[in-house]
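With chain R fixed as given, assemble chain H onto it according to the hints.
Residue numbers (our numbering), protein chains in the order written: chain R, 1 to 429; chain H, 1 to 429.
Because the hints were derived from the structure by calculation, they are not lab data.
Any given hint might turn out to be false.
Because identical chains cannot be distinguished in the list, a pair is counted as satisfied if it fits within a single copy or across any two copies.
Derived BS3-like pairs: lysine-lysine, alpha-carbon spacing no greater than 25 Å straight-line [unchecked claim]:
no.	residue 1	residue 2
1	Lys115	Lys97
2	Lys115	Lys144
3	Lys97	Lys38
4	Lys178	Lys51
There are 2 protein chains.
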Amino acid sequence: MKQFNNPLPKEWADLSSRPTSSYEDIEPLVASVFEDIKTEGDNAIKMYTRKFDKVNLNQIQVSEKEIAFGVTNVSTELKSAIELAKSNIEKFHRAQKTDRISVETQDGVLCWQEKRPIQKVGLYIPGGSAPLFSTILMLAIPAKIAGCSEIVMCSPPDKSGNLPDVVLYTAHLCGVTKIFKVGGIQAIAGMSFGTESIPSVHKLFGPGNQYVTVAKQWATRYNVAIDMPAGPSELLVVADESANPSYVAADLLSQAEHGIDSQVILVTTTPSIIPAVQMEIEDQLAQLPRKSIVEKAIANSKVISFPTDDLAIEFINNYGPEHYIICMKNEDLYIDNIENAGSVFVGNYTPESAGDYASGTNHTLPTNGYAKQYSGVNLDSFFKQMTFQKITAKGIQNIGNAIQRMAEAEGLEAHRNAVTLRLNDLANE
Amino acid sequence: MKQFNNPLPKEWADLSSRPTSSYEDIEPLVASVFEDIKTEGDNAIKMYTRKFDKVNLNQIQVSEKEIAFGVTNVSTELKSAIELAKSNIEKFHRAQKTDRISVETQDGVLCWQEKRPIQKVGLYIPGGSAPLFSTILMLAIPAKIAGCSEIVMCSPPDKSGNLPDVVLYTAHLCGVTKIFKVGGIQAIAGMSFGTESIPSVHKLFGPGNQYVTVAKQWATRYNVAIDMPAGPSELLVVADESANPSYVAADLLSQAEHGIDSQVILVTTTPSIIPAVQMEIEDQLAQLPRKSIVEKAIANSKVISFPTDDLAIEFINNYGPEHYIICMKNEDLYIDNIENAGSVFVGNYTPESAGDYASGTNHTLPTNGYAKQYSGVNLDSFFKQMTFQKITAKGIQNIGNAIQRMAEAEGLEAHRNAVTLRLNDLANE
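The shape of chain R in the complex, shown without the other chains (with noise of 0.2 Å):
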């Protein structure tokens, strides 16, 4: 790891700043995927499934029989996890529950707001080189708890043409309406447009590779809503002479294990705890299967120390991090003056691990400093929120005046009018 000590304000930008996403190179090749899908549907579908994935599908829907088979193939313990881990989400977005709220603004002004679920979701999940079941339950389980009537999920099929029995299983107990065995810019786009098989979505959910990010944005041009811009997974450890080296150091390269360009930040007010750290990172790292990742990762990640606590949340508000462990004595001083931040983990038995799996929390999180405007997914995500009015004459009659005058300082006649008639029958009455 790199280390800064009392870094001035005018590097902050550069010591914040993220690998640069190549948007553009890849928005062609995106445009006409897309193009063809819409013109093509379930064929383009298969025949860039047999360009891309390198399989040959006759059927891109997941049968019945396939999901039986898979939900068999599951280990029980792996199955009681997943369903602790279900108990726990459900627990925690069930809670996020709201009201409707109704306000007499004035007499006789009846103003409401309730939230009615967006009908259909489309959920991405990645495949690649290890089966991501644990992001269907964070999407999943809102969605049906939201009461979404339709979810459907999109994963890129393994080289026999199928998904993983996890996978199947995830989706199946968590209420996914439909599975579809595709992957890509070609699910993005089928999920946007819909096919003879794929139903059209309103809203897309799910990380992906930096083609599923770019097809995502370019859906929004199509009438579809995203969760939310996606890029490389963060962590941002503050810690001081009261963490525990080794589980910092175990947190750090849990990040790191995602790919090589995972960001990872340890900040701290103490840096005589930096040497211990370093070596808890270096024995550790030895043992890791992802050895070769993650040694990538920590070659570019950061430690970086401050002289005060206020400089350093002034930092980390500045960065805004994806996933951030508070370690520190005067935690409650870290948790109050957080502006800018996804998911926050306190102390030194909450590792980011538990928010991945199963504590409750949802993994789904604004990367990229985005936790500076969007939220990560929860059970708002899933919902719209409506607005209500219902006006009595004696109401009309209280702010009708206030509107005719309104409307006319905006030039805007028909709208006085509309009041305009309503009082002056009332006034006939």
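Relative to the frame of chain R, chain H by itself:
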């Protein structure tokens, strides 16, 4: 208005279609303005203001003196109307504040969710034929309640380089922190990158013409979020014989007044009311100052009759109107079953104008069918939701095994190890 009786479901898509936006044509211009403002800052802002707004500005920020002058120039009557509206909008948006949500998902595993304000927001207020000060109320009031620390506003100057008095008054009243005489693409680019004068912001709000709309979409490439994609304003009225034809006509006309591309639809289960509404439209239209605009919008508008409530409701949900007025005997049926709408107005004394100005609800709403997946602007639009967790020794012992098993199944050994280390230490205590 064009009339359609019980159209077949296969015809609905056509009846629901909105004018398609010509995104691609405008993008090259938007990209080049962004590039210039990124590199040249204020100088480029001033150059584009000369080019597009035909005015030469030395100073783009509105001064304290200009604000004070504007405030004194607004009539007492208009000030009272704006203050009444402000009070109602504040009541309704303040009621949307929520408490921290806290759940102990398992013994020793405490998870909570808190909202923190987006620190820097940018409000775009269109200029043009009339001063749209009502939009300032709708955006600055919730921003202030949420606690955003920097509320930047941009609006295009008139030919003499000023903003209307009532715009300055309203911005000042609502606590906007900095006001700029900058419009169009250059305003959006300025707030995205920041210039010598204009602060960069994290999220952009507000309506605008097609240039502003494309510029807001473009800004999302540069770590800026936007409230929602925009399109021409829309109204759908559903009415039966309990409706007052003159009020229905006035409401349809008030929507049509926004522009020739305004979308106006009347749905009815009682075709016998149609002639009376048509006649009222003709009568009222003749007296409107914006007659030429309204006529064109009304010529493109539609009256659609359905034989049953079920079909009417299904069509309305399929359309997803921005504004939705219900004047039906059985109004609850139409309230309870609406799945996709921006804002809903119930009963004969609830004109859309009420929500546009003064009842308390927000008027920044999803158009173009986006009610299927986007909320209108509300208090939460100015917050991020962040999650926190704190796990005790007992807690990690309760969920540790599940995490280890899931991390192993996903092939993430470092994630597993972060838990194993802690569990081993606790076992040895």
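Hint check:
{"no.": "1", "hint": "Lys115 - Lys97", "in the structure": "both (9 Å within a copy, 15 Å between copies)"}
{"no.": "2", "hint": "Lys115 - Lys144", "in the structure": "both (14 Å within a copy, 23 Å between copies)"}
{"no.": "3", "hint": "Lys97 - Lys38", "in the structure": "neither (37 Å within a copy, 42 Å between copies)"}
{"no.": "4", "hint": "Lys178 - Lys51", "in the structure": "within (24 Å within a copy, 53 Å between copies)"}
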